[in-house]
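According to full-length UniProt numbering, the residues represented by the sequence shown are 1 to 976, in order.
Warning: the hint list may mix true and false statements.
Each computed DSS-like pair below joins lysine-lysine, with the alpha-carbon atoms no more than 25 Å apart [said to hold, decoys possible]:
#1 Lys321 <-> Lys96
#2 Lys772 <-> Lys862
#3 Lys954 <-> Lys862
#4 Lys836 <-> Lys865
#5 Lys105 <-> Lys92
#6 Lys961 <-> Lys865
#7 Lys300 <-> Lys272
#8 Lys954 <-> Lys848
#9 Lys354 <-> Lys366
#10 Lys910 <-> Lys880
Calculated from the structure, these hints are not laboratory results.
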Amino acid sequence: MGLECAEQEELKSDSCRREIVVNEVNFVRKCIATDTSKQDLWGKLVCTNFKISFITDDAVPLLKFQYRNKFLGEHDIPLTCIEQVVTVNDAKRKQKVLGSNQKLKFNPTELIIYCKDFRIVRFRFDEAGPESAKKVCLAIAHYSQPADPQLLFGFEYVGKRYYNPAGDKVNGVDPGGGGGGGGVEGVQTPLFDMSSDWDREIKRTGGSEWRVCSINESYVISLSLPEYCVVPVSLADQDLKQFSIFFTGQRIPLWCWNHPNGSALVRMSTIKDMVQQRKLDQRICNAITRSHPQRSDVYKSDLDKSLPTIQDVQAAFVRLKHICVIDPFEESDEKWLSSMESTHWLEYVRSFLKHSAELVYMLDGKHVSVILQEEEDRDLNCVISSLVQVMLDPHFRSIAGFQSLVQKEWVMAGYRFLDRCNHLKRSDKVESPLFLLFLDCVWQLLDQYPAAFEFTETYLTVLSDSLWIPVFSTFLFNCPQQRAEHSREFARSKNIHLGDEKVLQFPSVWDWSQQFTAKDQALFNNPLYVGKSATCVQNGAVKTFKRTKVCLAIAHYSQPADPQLLFGFEYVGKRYYNPAGDKVNGVDPGGGGGGGGVEGVQTPLFDMSSDWDREIKRTGGSEWRVCSINESYVISLSWDFVFICVISVNDAKRKQKVLGSNQKLKFNPTELIIYCKDFRIVRFRFDEAGPESAKKVLQEQIHAWDGVSYGTNTALKSLEMQQLCSLGDLRWRIARCDASISRLSAEVKTTQESIQNLAKEQKSSKTDVECKIEHIEIQISRVLGKIEHSVAQQEAKIKANQEDSSHQLHLLEAKLEGVSEDLKGQLVSVQNSLEKEQERAVTEYLTKIEQLSLVIKEQTDKNDKIVEERYGQLSMKLDKIEEVQKMNLGSHRVKHAEEKENDRINKIEKEIWKEIQDMRAETNAGFAAIHESLGSLRHVLEAKMKLEKDQLQKQIHQVKKMTQSAVQENQQKLHI
Numbered sequence: 001m002g003l004e005c006a007e008q009e010e011l012k013s014d015s016c017r018r019e020i021v022v023n024e025v026n027f028v029r030k031c032i033a034t035d036t037s038k039q040d041l042w043g044k045l046v047c048t049n050f051k052i053s054f055i056t057d058d059a060v061p062l063l064k065f066q067y068r069n070k071f072l073g074e075h076d077i078p079l080t081c082i083e084q085v086v087t088v089n090d091a092k093r094k095q096k097v098l099g100s101n102q103k104l105k106f107n108p109t110e111l112i113i114y115c116k117d118f119r120i121v122r123f124r125f126d127e128a129g130p131e132s133a134k135k136v137c138l139a140i141a142h143y144s145q146p147a148d149p150q151l152l153f154g155f156e157y158v159g160k161r162y163y164n165p166a167g168d169k170v171n172g173v174d175p176g177g178g179g180g181g182g183g184v185e186g187v188q189t190p191l192f193d194m195s196s197d198w199d200r201e202i203k204r205t206g207g208s209e210w211r212v213c214s215i216n217e218s219y220v221i222s223l224s225l226p227e228y229c230v231v232p233v234s235l236a237d238q239d240l241k242q243f244s245i246f247f248t249g250q251r252i253p254l255w256c257w258n259h260p261n262g263s264a265l266v267r268m269s270t271i272k273d274m275v276q277q278r279k280l281d282q283r284i285c286n287a288i289t290r291s292h293p294q295r296s297d298v299y300k301s302d303l304d305k306s307l308p309t310i311q312d313v314q315a316a317f318v319r320l321k322h323i324c325v326i327d328p329f330e331e332s333d334e335k336w337l338s339s340m341e342s343t344h345w346l347e348y349v350r351s352f353l354k355h356s357a358e359l360v361y362m363l364d365g366k367h368v369s370v371i372l373q374e375e376e377d378r379d380l381n382c383v384i385s386s387l388v389q390v391m392l393d394p395h396f397r398s399i400a401g402f403q404s405l406v407q408k409e410w411v412m413a414g415y416r417f418l419d420r421c422n423h424l425k426r427s428d429k430v431e432s433p434l435f436l437l438f439l440d441c442v443w444q445l446l447d448q449y450p451a452a453f454e455f456t457e458t459y460l461t462v463l464s465d466s467l468w469i470p471v472f473s474t475f476l477f478n479c480p481q482q483r484a485e486h487s488r489e490f491a492r493s494k495n496i497h498l499g500d501e502k503v504l505q506f507p508s509v510w511d512w513s514q515q516f517t518a519k520d521q522a523l524f525n526n527p528l529y530v531g532k533s534a535t536c537v538q539n540g541a542v543k544t545f546k547r548t549k550v551c552l553a554i555a556h557y558s559q560p561a562d563p564q565l566l567f568g569f570e571y572v573g574k575r576y577y578n579p580a581g582d583k584v585n586g587v588d589p590g591g592g593g594g595g596g597g598v599e600g601v602q603t604p605l606f607d608m609s610s611d612w613d614r615e616i617k618r619t620g621g622s623e624w625r626v627c628s629i630n631e632s633y634v635i636s637l638s639w640d641f642v643f644i645c646v647i648s649v650n651d652a653k654r655k656q657k658v659l660g661s662n663q664k665l666k667f668n669p670t671e672l673i674i675y676c677k678d679f680r681i682v683r684f685r686f687d688e689a690g691p692e693s694a695k696k697v698l699q700e701q702i703h704a705w706d707g708v709s710y711g712t713n714t715a716l717k718s719l720e721m722q723q724l725c726s727l728g729d730l731r732w733r734i735a736r737c738d739a740s741i742s743r744l745s746a747e748v749k750t751t752q753e754s755i756q757n758l759a760k761e762q763k764s765s766k767t768d769v770e771c772k773i774e775h776i777e778i779q780i781s782r783v784l785g786k787i788e789h790s791v792a793q794q795e796a797k798i799k800a801n802q803e804d805s806s807h808q809l810h811l812l813e814a815k816l817e818g819v820s821e822d823l824k825g826q827l828v829s830v831q832n833s834l835e836k837e838q839e840r841a842v843t844e845y846l847t848k849i850e851q852l853s854l855v856i857k858e859q860t861d862k863n864d865k866i867v868e869e870r871y872g873q874l875s876m877k878l879d880k881i882e883e884v885q886k887m888n889l890g891s892h893r894v895k896h897a898e899e900k901e902n903d904r905i906n907k908i909e910k911e912i913w914k915e916i917q918d919m920r921a922e923t924n925a926g927f928a929a930i931h932e933s934l935g936s937l938r939h940v941l942e943a944k945m946k947l948e949k950d951q952l953q954k955q956i957h958q959v960k961k962m963t964q965s966a967v968q969e970n971q972q973k974l975h976i
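Could you build the full structure based on these sequences and the hints that come with them?
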């Protein structure tokens with residue numbers, strides 16, 4: 001129960017750093033082996049917002065070279081590492097792949113978790129509660145597929161720094177803490193988020209013709225680029241701003257690295273505008289050429305055409321995972337290797353390494369600058385630029401240099417870790433393991449050149465595992481801008497005051513002390529690594545040696561002529577010179593027998609018959625016995641030596657010599673190189689040492705060793721005499737061997753006869769097969785002839801079509817350029833003329849509308865006055881007519897005419913009033929319509945006003961005519 005309590009305390013401390021226990025279930029069995037349940041573990045399955053934890057009382061022993069992560073236990077799985085969650089019900093024979101916010105209609109009896117790091121973890125719920133098991137499964141499926149990056153555990157983890165202003169460490173780890181990582185040896189890793197980091201990198205590589213550019217501060221140019229980047233000195237910021245709109249994603253060309261010979265490695269995206277492509281390419285190539293001291297040419301490599309796509313890499317990775325994890329390992333080695341080859345994963349690794357080696361030859365061999373071009377400059381360019389720099393620059397083969405390389409070429413360059421690692425499980429189409437492919441390529445180089453790298457494959461494994469720990473911002477976002485944006489949004493949602501900091505300060509993955517102890521970090525260091533030579537310093541003073549004396553002594557003593565000259569004999573002889581048996585330097589100089597072992601168990605040396613007897617009994621070899629015929633080594637002698645290669649070098653004479661024992665050295669060495677069998681290469685310089693050695697001392701030492709070798713030769717001769725005496729004893733044993741050989745020869749004859757019969761049958765079958773093969777070859781040759789003929793015809797047609805198409809394309813391009821320029825000029829002129837005409841028409845329409853409104857008002861006023869005057873005149877005339885009619889009351893005709901005239905006059909008056917009212921209504925309606933639609937329908941209103949004016953004039957003219965005709969008729973009647 002002690003381990004379980006410790007695990008529970010760890011979960012409590014995890015909750016202090018904002019790790020929340022979502023659900024848990026007891027009595028869970030974790031399946032270890034597939035064929036048996038004896039090795040299974042029992043415990044409790046816990047789901048938090050960070051990981052899946054399996055807490056058990058059964059402790060698993062830690063191996064000698066095994067490391068332990070501070071964030072994760074032996075049975076923990078980060079939620080971002082989960083690829084698929086599958087629940088199984090044995091009774092109903094059902095299984096379901098769970099997604100986020102899905103329901104589970106059956107009670108699961110088994111949970112299978114497929115991880116992105118090739119692990120498959122199985123849990124059984126035979127003794128657990130069905131509802132608790134269902135809740136845990138649903139919780140794991142839900143929290144392993146977050147809907148937003150801010151739901152990843154890293155935001156809650158780093159938020160603890162702001163809720164804990166005192167800056168206390170949680171579980172010994174600083175929950176915030178930005179800045180570069182401390183590295184394995186405390187060396188600060190540059191994050192390249194400041195211009196000073198880029199300045200130091202330029203000075204380190206000697207790129208004097210390159211400068212740090214800050215036009216993308218606050219990400220105003222491109223969202224996927226860092227705020228600071230390196231560009232040629234000859235390109236101005238204003239030109240870069242103008243050029244950026246023509247590149248995909250506004251990603252201007254970026255400097256990666258400078259060779260000591262002046263060649264530069266540059267990466268960029270494709271140019272979208274085909275019209276500007278040639279002009280921009282020429283401008284960029286000229287700038288890069290001017291940055292080269294020899295003004296050499298620029299080699300451009302289009303990675304989209306020469307390397308597999310990210311979809312191809314993902315498909316190969318899926319096939320690789322299928323044969324390594326899902327398929328059973330029951331096939332033979334040949335079938336498995338063929339399946340491995342069919343995945344194309346190793347083929348893609350080879351193609352990336354081969355292309356990188358070709359670019360290394362261009363940079364280092366031909367002294368030519370290289371431009372890496374990719375459509376978006378965010379995937380393949382990251383792999384190739386990193387591999388080229390690893391191959392060329394020893395700094396990037398150290399731990400600190402390799403970390404700065406990943407930070408520079410992957411994190412700050414905008415590699416989509418969030419999408420390519422599929423942390424949010426949104427789409428499998430954008431997922432691609434390019435970073436894992438890069439680490440595999442580096443491992444291939446490490447395997448071929450183990451002494452060239454400071455780190456080990458353990459370091460590469462730990463780095464790949466850190467992809468799935470959502471605590472560090474290094475592998476959590478698509479670009480620095482996305483990190484800044486989500487940080488600000490999270491701070492606003494949680495009411496966090498950032499102060500002078502622009503973004504949340506996430507911890508960096510390069511500070512390995514957050515994950516591992518110093519003892520575990522020691523596994524990252526490669527013991528075979530040959531770094532830069534350092535001065536030999538002891539107790540604060542520089543030690544110097546006589547050059548020739550040291551070189552000859554090392555060469556002589558490293559190649560002893562006899563085993564007795566090895567140091568072991570002198571070491572063990574101390575026991576006899578020291579009868580008291582005192583320890584020398586804390587070690588018993590004598591002391592035979594087996595070693596104590598790790599736990600004090602005596603290790604048998606098998607130099608006595610009792611050791612062999614015990615081994616026979618232990619293994620149950622009852623039909624075997626111990627033989628002592630080789631006592632005193634009368635049968636065979638065997639020695640084994642350990643040699644090293646010693647080379648002396650003279651820089652002035654440009655000479656070097658491989659030294660052997662008892663050899664002379666004719667020149668004074670300036671350097672000593674020792675090649676060890678444990679892959680070490682040790683170099684010593686004698687720039688400040690004495691130029692001549694004491695040769696007499698060497699000769700005396702050599703004569704002394706010759707005397708010792710003479711004594712050993714006499715001992716060998718005595719051993720040879722003993723061997724001759726023992727040969728007689730062996731002759732009777734040889735006779736017995738002859739008898740057994742005769743029996744074996746008879747058996748060999750019978751087998752030879754059977755082999756001859758088989759050979760005859762094989763010959764006959766071979767002749768039949770050869771005849772069939774010849775017939776098939778004839779048919780194949782005919783088919784090949786036809787194919788070659790058709791291929792030649794097709795090639796001729798294709799060439800002709802290509803020439804025609806290329807000629808037509810050139811003509812079309814020329815025509816399109818001319819037409820586009822003409823159209824642009826015409827469009828500009830037409831646009832200007834239309835704007836002027838529009839302004840003039842608007843002013844004219846406004847003036848005309850105002851004039852028309854005034855004229856219409858004047859006309860209406862005049863018409864009203866005229867109608868009133870005419871009406872007055874008519875009324876006067878009617879009064880006169882009435883007087884005349886009164887005077888002629890006696891006449892019947894006059895009365896009848898008077899009645900008719902009155903009726904007509906009444907009708908005329910009614911018609912006149914109606915027309916006047918209609919005119920007024922129409923004019924009022926016209927004015928209202930004019931004032932409502934003055935802004936949008938001016939040309940239409942002008943036409944309407946003209947029409948209304950004509951209609952009014954016609955109506956007025958008709959009224960005049962009617963009034964005149966009516967007056968004339970009345971006058972005629974009056975005369976009558």
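Hint check:
1. Lys321 <-> Lys96: Cα-Cα ~21 Å, so holds.
2. Lys772 <-> Lys862: violated, 121 Å
3. Lys954 <-> Lys862: Distance ~15 Å between Lys954 and Lys862 Cα, so the pair holds.
4. Lys836 <-> Lys865: It is violated: about 44 Å lies between the C-alpha atoms, which goes past 25 Å.
5. Lys105 <-> Lys92: holds, 11 Å
6. Lys961 <-> Lys865: holds, 17 Å
7. Lys300 <-> Lys272: holds, 17 Å
8. Lys954 <-> Lys848: holds, 22 Å
9. Lys354 <-> Lys366: holds, 17 Å
10. Lys910 <-> Lys880: holds, 21 Å
In this structure, the hints that do not hold are numbers 2, 4, in rising order.
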